[in-house]
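Protein chains in written order, with the working numbering: chain A, 582 to 932; chain B, 26 to 370.
No wet-lab data here; the hints were simulated from the structure.
All residues carry an ideal CB built from backbone N, CA and C; glycine is no exception.
Be a bit skeptical, because a hint or two may be false.
Covered stretches of chain A (in silico footprint by chain B; criterion: 3 or more residues with CB under 8 angstroms from a CB of chain B, positions within the stretch not fixed) [stated by the list, open to error]:
(1) 758–767
(2) 781–791
(3) 895–907
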Amino acid sequence: MSALRAPSVLDRSPFLKATIGSRGNIAISLTVLALAAVSLPPILRWLLLDAVWVGTAETCKTSSGACWAFIGEKLKFITLGFYPQDLEFRAYGAIGLLLGLVATSASPRCWGRGLVIAWIVGLLGAIWLLGGGGPLSVVPTEKWGGLPVTLLLSFGSFILAFPLAIVLALARRSKLGGIRLYAVTLIEVVRGVPFIAILYASTLLFPLMLPAGAAIDKFARAGFALSIFVAAYLAEIVRAGLQAVPKGQSEAAASLGLTHWQTLRLVVLPQALKQVIAPIVNLAVGIFQDTTLVAIIGMFDLLNAARAAATDQLWLGFYAEAYVFAAIVYFVFCFAAARYSLWLERHLRSP
Amino acid sequence: MSFHIGLGQGLKAAAVAVAFGGALLSQAHAGPTLDAIQQRGVIKVGVGTSPGFFAPDSAGKWQGFFVDFGRALAVTVFNDPNKVEFTSSSPQQRLPALQAGEFDILLSGVTQTITRAFKLGFHFGPVLFYDGQGLLVNKSLGVEKAADLDGATIGVQSGTTGELNIADFFRKTGKKYTPVVIEDSKEFVAALESGRVDALTQDSSDLAIRRSLLAKPDDFIVLPERLSKEPLVPAVRAGDDRWLEIVNWTIYATIQAEEFGITQGNVDEFLKSEDPAIKRFLGVDTSLGEAIGLDPKFAYNIIKAVGNYGEIFDRNIGLKTPVGFERGYNELWTKGGLIYSPPFR
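The shape of chain A in the complex, shown without the other chains (with noise of 0.2 angstroms):
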């Protein structure tokens, strides 16, 4: 009789047995390693062993790799842009208090009206402690860059975009013709064009349509521009949370006696907006990204500032370094709300 197989290694050990638990494994575990072995080592000589950390443009040069000393010199005009560097502080506040209400809604105890309120005062005061008035000295809107102006459009795009979705969700499925033909267009209008298109609409055709002298802040005109584009993707996944609602909720909350907006906002709308919690993190990293698209109509986001801190003649050319600290910050905020994506959803998995 063929005894029981003693337990072996790779049984305890998932990873080992994932790397050299077959044949086949084995060979693509090799082929994995084959390819680091030729790539990791340029790619780390040039990132760390051959890197310039300190000194001037002229020692870079004299290195094949990369030179951090640019992106130590331009640290402040990349964070910041054409942001008045005597007032920098404003800047700094600024992000600190918008990375701050997102720290405090990242956690389902903080969610409620409060939050709600905590975020309409708190991007009022970073656009205010941005562009001034009162006390402050104003800056005006075209010299915003930097980190605040790609946290500003994306959080505050959000933020307006949250009801005007929800709006056109619930319009979606309204009973109404031609309240459900309104929403339909809207959001199929704005989902079939580029963001690009919409950009440029928003800054080229848009002021045309002024009357003569007229103007409307750039700034403004691009989170518009970028809310209205929010809107319509989020209407969709608020949509699909709506539908994943059992219509026995909404009859039981009838027969309680609720009134149909209560009914709504009390039973309907916060079982949807929970199942789609993880869709909204997936768009909202999306949209993190596009606003780097403002670049094409003279802003200067996070990206866009890095690029043009290349263009300095003092230190020409340094494209690489720019774009791999950028892609570095871009990194870290897109990873931690994937992460804390995941963990919401095994946090609220429980009924």
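Use these hints to put chain B onto chain A, whose structure you have.
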């Protein structure tokens, strides 16, 4: 986020007032653009981003060839080189943005063309920089002019007019060449460095920048010929002639100063000059300034603040800078170039 609706009526009223009053009142009346500038206390200039021409330094301050002319304008209007605001604008949107009133002037390397003058309603100032399609070649080929490139392999970037211009050029000269169309911008330069092509063709200012980014820039040279005409000019909205004249004569002042040999460093010594033309120019003799309604010393102030045309050129894009541009057509007319100022009298 500011909204400036309602300004239009005011501007129109101002324009009408100027039209009626201009003949009676003295020259000091401004048009709508100049009025807006004076009210705002700052000139709004649209620029691009390109090394040497307009680029932010580490402190977020704009530097560059075109930027310096923006500062010169601020000197003429406010006698303060800092009363100017630069905004970067992409090539696609800069002209509509000027039309929409986002800028008072574009100093972003706009090429002057007949279509832009007639169809878009812009006025153009004097040529600040004569650009044109050039050829970047390896010095080891021993080529001195474009016509020497018989049988050469030439890299052109796809989707540019460069492809057509180079074809025209070789058809005209009857020489042979092999075009290599290259899509990627990085590969474009790599092809030259690796010897896959003998020369690259592109706007010469662009070639100069690419050359400066090569591992061994000194092994390569931008040939002196230009295969196309790209005069880069300041652009303003039509409808404010006085503003246009201020732009014109601010630029002419930097050119005339170079012709006189007046520099940022020696301008004070020239104040003692007995030459009547120089006395008029620098405002020692105040009659000229009084006649045109500008600060008689506006030219002096400009030179003191930003230097003459040659100094602006050398400082930002000249041979000693990484961009390393030869004066070429952008040399004074007295030295065989095209840069020329009408007389100051």
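Hint check:
| no. | hint | result |
| --- | --- | --- |
| 1 | 758–767 | violated (count 0) |
| 2 | 781–791 | holds (count 6) |
| 3 | 895–907 | holds (count 4) |
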